[in-house]
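**Q** If you want the building blocks of each chain, they are given just below.
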Amino acid sequence: MSKEEFMKKLKDGIKSIPEDEKEEALVYYEEYFEDAEDEEKAAEELGNPQKIAAQIKAEYAIKSLENKIEKKDGEIKEETRKNSVLKNIIIVILAVLAAPVAAPIAIAIFALLIALLAVVIAVSIAVFVALFAGVVGGIALLIAGICSFIVSVPSALCLLGAGLVFLSVSTLICILTISIIKIVIKCIVKIVRLVLKK
Amino acid sequence: MVFQPSANLLDACVLAVLMNGDTYGYELTQKVKEIISISESTLYPVLRRLQKEELLETYDEAYNGRNRRYYKITENGKVKCLEYKEEWHDYKVRLDKVLGDVKGGKK
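So the sequence lines, in the order shown, correspond to chains A and B.
Residues in the first sequence are numbered consecutively from 2, following this note's numbering.
Residues in the second sequence are numbered consecutively from 49, following this note's numbering.
Excised from the complex, chain A in its bound form (with noise of 0.2 Å):
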């Protein structure tokens, strides 16, 4: 068979497959057979022309066949995906679900908390308006005593005694609580911080 028979009959052989499939191949062939010494020895070692066309239009068909298996197989991925969607979507139901319970466990912190500070802010109202007698009752106790020095010094003396007594006593535990009230805002912004990064 010469080398131009052989290719015809491949031609023929693989109309079918696409155009750049089938260039590819002519062009293989035709280079096979410039390579080769004897043109006629090629032909006859290469075979029948009509079953290489074969193969290679089966080697095609099954390419082809794969790589559209190969795509399902994307499909199926990417439904998949969806599905993880789904499922972010069904934990934010339940979540919601779970709100019902969740919520008031959420405002009972919530209230406590609040109480909490109402108590320290409370307390401190408290203390500081008892400060505030004690310094003007020390005052009072001062002013009473340089009165009193007209009718009585010992009595006098004690009063200025008592009034100073007053005020210092006064001074020191109002020291003293803001450093105590410093402290309890502290811990309650700690616990907030705590119960909301839960």
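Simulated from the structure, these hints should not be mistaken for lab results.
Quantities reported herein were computed from a predicted structural model and do not represent experimental measurements.
Just so you know, not all the hints are guaranteed correct.
Below are the DMTMM-like pairs computed for lysine to aspartate or glutamate, each with C-alpha atoms no more than 20 Å apart in a straight line [to be verified]:
1) A/K16 to A/E71
2) B/K120 to B/E105
3) A/K23 to B/D108
4) A/K69 to B/E105
5) B/K120 to B/E102
6) B/K100 to A/E5
7) B/K100 to A/E67
8) A/K9 to B/E88
9) B/K81 to A/E32
10) B/K100 to B/D149
11) A/K9 to A/D39
12) A/K73 to B/E101
13) B/K100 to A/D21
14) B/K128 to B/E105
15) B/K100 to A/E22
16) A/K23 to A/D39
17) B/K81 to B/D108
18) B/K81 to A/D13
19) B/K126 to B/E101
20) A/K23 to B/E131
21) A/K10 to B/E101
Fit chain B to the supplied structure of chain A, relying on the hints for placement.
**A** Frame of chain A, contents of chain B only:
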């Protein structure tokens, strides 16, 4: 040769030959033929498939006033070839184990 080469073995052979350098269709056919008995027409579909799997690539070069298509192994192809090498080694060891135990013969 009495053992029929499988498609994978043929792939391994082609890749191994290309590991030694780029070559063109006719020469590649001759080289593979020296290793395993295949018909001259077997290689084209194999090359086409390996090319589509990106294990090898082609480039054209002028030769004697005409075009010649060369085949070149890709990085993926090299990785695959090494995989085949390991697989082959395992296979060989297992076959040697059973065939080596057969008494008689040259050894």
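**Q** Work down the list of hints and note, for each, if the structure agrees.
**A** Structure-based check of all given hints:
A hinted pair counts as satisfied when its Cα atoms are at most 20 Å apart, and A/K16 with A/E71 does not qualify at roughly 26 Å. Of the supplied pair hints, the one linking B/K120 and B/E105 holds, its CA atoms being roughly 5 Å apart against a limit of 20 Å. Distance check on the hinted pair: A/K23 and B/D108 sit about 18 Å apart at the alpha-carbon level, within 20 Å; holds. Distance restraint check for A/K69 and B/E105: the Cα-Cα separation of roughly 23 Å exceeds the 20 Å cut-off, and the hinted pair is therefore not satisfied.
For the hint linking B/K120 to B/E102, the alpha-carbon distance of about 10 Å falls within 20 Å, and the restraint holds. With a C-alpha separation of about 28 Å, the suggested pairing of B/K100 with A/E5 is violated against the 20 Å cut-off. For the given pair, B/K100 sits about 12 Å from A/E67 by alpha-carbon distance, which is consistent with the 20 Å threshold. The straight-line distance between the Cα atoms of A/K9 and B/E88 is roughly 18 Å, inside the 20 Å bound, and the hint therefore holds.
At roughly 18 Å between alpha-carbon atoms, B/K81 and A/E32 fall within 20 Å of each other, so this suggested pair holds. Between the alpha carbons of B/K100 and B/D149 the distance comes to roughly 42 Å, so the proposed pair goes past 20 Å and is violated. For the proposed pair A/K9 and A/D39, the alpha carbon gap of about 18 Å is at most 20 Å, so the pair holds. Restraint check for A/K73 and B/E101: satisfied, since their Cα atoms lie roughly 18 Å apart, inside the 20 Å limit.
With a C-alpha separation of about 13 Å, the suggested pair B/K100 and A/D21 falls inside the 20 Å cut-off, and the hint holds. Proximity of B/K128 to B/E105 is assessed by CA-CA distance (about 14 Å); at most 20 Å being required, the pair is judged to hold. At roughly 11 Å between alpha-carbon atoms, B/K100 and A/E22 fall within 20 Å of each other, so this suggested pair holds. For the suggested pair A/K23 and A/D39, the alpha carbons sit about 24 Å apart, so the restraint of at most 20 Å is broken.
About 23 Å separates the Cα atoms of B/K81 and B/D108, which puts this hinted pair outside 20 Å; it is violated. Distance restraint check for B/K81 and A/D13: the Cα-Cα separation of roughly 27 Å exceeds the 20 Å cut-off, and the hinted pair is therefore not satisfied. The straight-line distance between the Cα atoms of B/K126 and B/E101 is roughly 13 Å, inside the 20 Å bound, and the hint therefore holds. Distance check on the hinted pair: A/K23 and B/E131 sit about 32 Å apart at the alpha-carbon level, beyond 20 Å; violated.
For the hint pairing A/K10 with B/E101, the CA-to-CA distance comes to about 28 Å; that exceeds 20 Å, so the pair is violated.
Checked against the numbered hints given earlier, this structure breaks hints 1, 4, 6, 10, 16, 17, 18, 20 and 21; the rest are met.
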